[in-house]
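Chemist: Each protein sequence line maps, in turn, to chains A and H.
According to the working numbering, the first sequence is numbered sequentially starting from 1.
According to the working numbering, the second sequence is numbered sequentially starting from 1.
These are calculated hints, taken from the structure and not from any lab test.
Heads up, the beta-carbon is just placed ideally off N, CA and C, and yes, glycines get one too.
Careful, some of the hints might be misleading.
[As the list claims (entries may be wrong)] Label pairs and their in silico Cβ distance ranges: (1) H/Glu65 - A/Arg44: 32 to 42 Å; (2) H/Leu42 - A/Asp34: 27 to 37 Å; (3) H/Glu161 - A/Asp66: 16 to 26 Å.
[As the list claims (entries may be wrong)] Examples of chain A residues lying across from chain H (beta carbon under 8 Å, computed): (4) Glu8; (5) Gly10; (6) Leu39; (7) Leu49; (8) Ala50; (9) Asp56; (10) Ile60; (11) Tyr65; (12) Asp66; (13) Pro67.
[Said to hold, decoys possible] In silico DMTMM-like cross-links for lysine to aspartate or glutamate, where the CA-CA straight-line distance does not exceed 20 Å: (14) H/Lys31 - H/Asp159; (15) H/Lys52 - A/Asp34; (16) H/Lys31 - A/Asp58; (17) H/Lys52 - H/Glu101; (18) H/Lys31 - A/Glu68; (19) H/Lys111 - H/Glu47; (20) H/Lys111 - H/Asp26; (21) H/Lys31 - H/Glu47; (22) H/Lys52 - H/Glu125; (23) H/Lys111 - H/Asp159; (24) H/Lys52 - A/Asp17; (25) H/Lys31 - H/Glu6; (26) H/Lys52 - H/Glu6; (27) H/Lys31 - H/Glu125; (28) H/Lys31 - A/Asp17.
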Amino acid sequence: MTARQHPEDGALALILDGEEADEETLRHMHDCLDCARRLRAMERRSARLATLLAVDADGIAPPTYDPEFIRLVAPTQEGVRPPWRPTWRPSLRWAAAVALVSLVVGLSPARAWLIRLTGSLLGEAGSMETPVTSERSPTQVLAAVEGPVLSVWIAGDARPDSLVVARSEGPGAGALLRHAGPSGEILVRPGGFEVRASVAGSVLELSLPWAVETVRVVVGGVEVTRRPVGNAPGRAWTIPLR
Amino acid sequence: MGLNAEALFREHHLGLYRYLVRLTGDEAEAKDAVQHAFLRLLEQPPEDQRVKAWLFTVATNAVREWNRNERRRDTLIRDNAWRVPAPGRPARPDEGPDPSEVARLRDALGKLSERERAVLLLRTEGLRHREIADAVGTTTGSVGTMVARALDRLSEILDPEGGS
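Please build the complete structure, drawing on both the sequences and the hints.
Modeler: Written out as structure tokens, the structure reads:
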């Protein structure tokens with residue numbers, strides 16, 4: 001390569017990126033002002049791209065990875081698991097089992113026991129059973145509370161139109177969560193607090209920054225229930241619909 | 001092999017996801033590709049390759065493979081321009097680029113070929129030319145040319161009236 005044979009842009013890009021460039025090119029660059037300008041211009045374009053991409057990065061929020069994926073790859077990754085994706089599996093399994101049992105046994109002693117249990121939890125024994133006629137298929141709604149996390153399990157194909165989770169006072173009172181679709185996400189920011197829920201299949205997950213006192217679920221335009229729930233771990237209630 | 005998948009995930013998932021969103025213009029596809037890459041990492045971790053480059057290569061190949069049959073990527077870009085999420089917060093006027101310039105960057109990236117876009121984005125992520133070549137399926141020697149050409153094209157699109 002002579003001074004007149006300027007290196008191609010690709011060779012300049014090697015220098016720009018700190019890749020291994022051949023000696024001849026480097027010697028040429030040392031002596032050729034034109035090529036030094038070309039390299040400088042390429043460097044400016046590159047820096048501008050990097051700057052714009054860095055700014056644009058703020059506009060790309062982290063995704064919500066599939067729970068199964070997170071369990072496999074990053075089971076303890078708190079920073080990745082969205083704050084609205086609670087560690088609720090044990091309570092869900094427990095709740096689902098209870099719901100299934102009560103579905104099977106109908107008005108059996110097990111159900112009466114559940115009603116008594118939930119009624120006693122709520123201090124209004126006997127009033128827990130609130131059959132609501134839904135125009136949709138029979139639905140079973142069950143919720144379990146585990147610390148600040150409320151899990152709502154809904155059997156059948158109905159989806160909640162809205163869901164109110166509230167405390168009597170302070171942040172989050174009367175928070176209204178609207179369902180966003182069969183696989184959507186619910187998001188509300190009551191009083192500066194962020195409440196999120198995700199819906200996957202018949203499972204709706206909620207994570208709340210405060211203790212739950214009241215839950216009201218509306219399915220198919222029909223109010224399913226409005227109950228104080230309490231916030232003790234493992235407590236649950238069931239509302240069968242006919 | 002003492003591979004700590006969780007640590008690697010924590011370190012690389014967001015950069016990989018952003019790269020893929022920019023590459024594909026499709027958040028769902030980007031998320032799937034990230035998951036695919038990390039699951040592959042669990043199944044068949046690389047033996048003699050830098051993990052970051054390996055992840056980007058696997059994800060890039062996955063996206064290309066997924067789109068190969070349907071060819072929907074070209075149609076998407078041609079018909080719908082470049083779509084990525086809107087910025088979460090506007091840039092402060094006294095700092096950094098104008099937000100409209102960022103928007104124009106997205107448009108401009110969308111006008112590059114997928115390979116040109118991948119080369120530029122992978123380079124920005126710090127991959128070496130050899131690693132970029134592996135990811136996009138070309139020779140190491142041609143990456144420099146592709147980088148220069150893509151930077152030129154991007155600059156022309158951003159500044160059609162000239163300037164660097």
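Chemist: Now tell me if each hint is right for this structure.
Modeler: Status of each hint after checking the structure:
no., hint, verdict
1, H/Glu65 - A/Arg44: 32 to 42 Å, "36 Å, holds"
2, H/Leu42 - A/Asp34: 27 to 37 Å, "51 Å, violated"
3, H/Glu161 - A/Asp66: 16 to 26 Å, "46 Å, violated"
4, Glu8, "7 Å, holds"
5, Gly10, "3 Å, holds"
6, Leu39, "10 Å, violated"
7, Leu49, "6 Å, holds"
8, Ala50, "6 Å, holds"
9, Asp56, "5 Å, holds"
10, Ile60, "5 Å, holds"
11, Tyr65, "6 Å, holds"
12, Asp66, "7 Å, holds"
13, Pro67, "11 Å, violated"
14, H/Lys31 - H/Asp159, "32 Å, violated"
15, H/Lys52 - A/Asp34, "37 Å, violated"
16, H/Lys31 - A/Asp58, "17 Å, holds"
17, H/Lys52 - H/Glu101, "29 Å, violated"
18, H/Lys31 - A/Glu68, "14 Å, holds"
19, H/Lys111 - H/Glu47, "36 Å, violated"
20, H/Lys111 - H/Asp26, "15 Å, holds"
21, H/Lys31 - H/Glu47, "25 Å, violated"
22, H/Lys52 - H/Glu125, "9 Å, holds"
23, H/Lys111 - H/Asp159, "14 Å, holds"
24, H/Lys52 - A/Asp17, "18 Å, holds"
25, H/Lys31 - H/Glu6, "17 Å, holds"
26, H/Lys52 - H/Glu6, "13 Å, holds"
27, H/Lys31 - H/Glu125, "18 Å, holds"
28, H/Lys31 - A/Asp17, "29 Å, violated"
Consistency with the previously given hints fails for numbers 2, 3, 6, 13, 14, 15, 17, 19, 21 and 28, ordered from lowest to highest.
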